[in-house]
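When you get a sec, could you build the whole thing from the sequences and use the hints?
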Amino acid sequence: MSSSKVVVVGAGVVGLTAALQLKRAYPDYDITVVAAHIPGDFSLGYASPYAGANWHSLASPRDKKLQEFDEVGYHEFQRLADDPQSGVWRRANANYYTPTAVARANGDTSGFNHWFKELANERVIPKEDLLPGTVYGTEFDTVVISVPIYLNYLLQHCIKLGVTIKRVSFITSIDDARSLHSSGKEADWVINSAGLMAYRIDGVNDARRNYPVKGQVLFVRNNISKCICVEGFDDPNELLYMFPRKEGGTIIGGTFVQENWDPQENKALSVKLSQRAVAYAPEIVDAKLSNPSFLDVVQVNVGLRPFRDGGMRIERDTRRPWLIHNYGAGGGGFQGSYGFAKKVVELAAPSQPKL
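The sequence shown runs -19 to -1, 1 to 336 under mature numbering (1 follows the signal peptide of the UniProt record, and there is no 0).
Hints are supplied without guarantee of correctness; some may be wrong.
[Said to hold, decoys possible] Think about it this way: if two alpha-carbon atoms lie no more than 30 Å apart in a straight line, the pair counts; the simulated DSS-like pairs of lysine-lysine are:
no.: 1; residue 1: Lys166; residue 2: Lys147
no.: 2; residue 1: Lys324; residue 2: Lys45
no.: 3; residue 1: Lys147; residue 2: Lys324
Hints were generated in silico from the structure; no laboratory data involved.
Spelled out as structure tokens, the structure:
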């Protein structure tokens, strides 16, 4: 049982983290990650490279399961921030709310205070320190993840521990995945971490809706000192978030547009994001901080977040006992990845029957 052969389908942050943590937990497991795309690739259906990314749990006060997943991630990313090779660093995150945001909440600002107050030292921003045009705010301690560096970091750690990475064509049947182990033998476990593409795989049998939520961000060379988020613009699908990366540069987003598969940049949105960034964080064009007087855009990223009604699916398949599902993270793949992986490790333990 200890030498189980495992196939992980998907090499995004969720799949790679599952493979890494499985190998750490069970060193004798022979693990192969199979994917059409791996770190370094860019494809619309491969969401991870387009992420911001930071830790900012999206769990509601009632969603205890997601809170548990994200709490695991918070502690792990705080640890990773001590590793200079990880691309993770600690920053403060300030959330600001406009009168429109407060009106949409029927004047109740209590919902702007998150479940992770004690975990992440969340505190209310004094009124005198609020940004112009905002009426409420909170700040907490978080991390920013430099996505290209971190994905490669994950990949290299998997390889170092003996995980095999195998590029394949898109998998059309989950049953076929069992035959893709690098040994040529049938896998004992298949971990379905295919993200947005999971619902297109025959045999996944998900009764819940899986759908994309389009995001668009600017990556600029300009720098800011902390994460800034502003909610409450006229379009409820839009907000402003700004994440400074450790190696330099800032991510500026964003938007959440459901059921939109369009890979093209919305140029009008790029203009709005640029204007909002300068208005709410003027330091980003302050020459005194060694920034240019304009936003020096490196690239515009458009990606599709892999959402699923009911949230993340992590469970043993009822029809295929060798299959473990691990997908549907929405916009929380990075921050939840270690919590998801912890559950996968439990489900794929040597003591678990596979047939």
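Hints and how they fare:
Taking the CA atoms of Lys166 and Lys147, the gap is near 14 Å; set against the 30 Å cutoff, the hint holds. Restraint check for Lys324 and Lys45: satisfied, since their Cα atoms lie roughly 14 Å apart, inside the 30 Å limit. A threshold of 30 Å between alpha carbons decides the hint, and for Lys147 with Lys324 the separation of about 24 Å falls inside it, so the pair holds.
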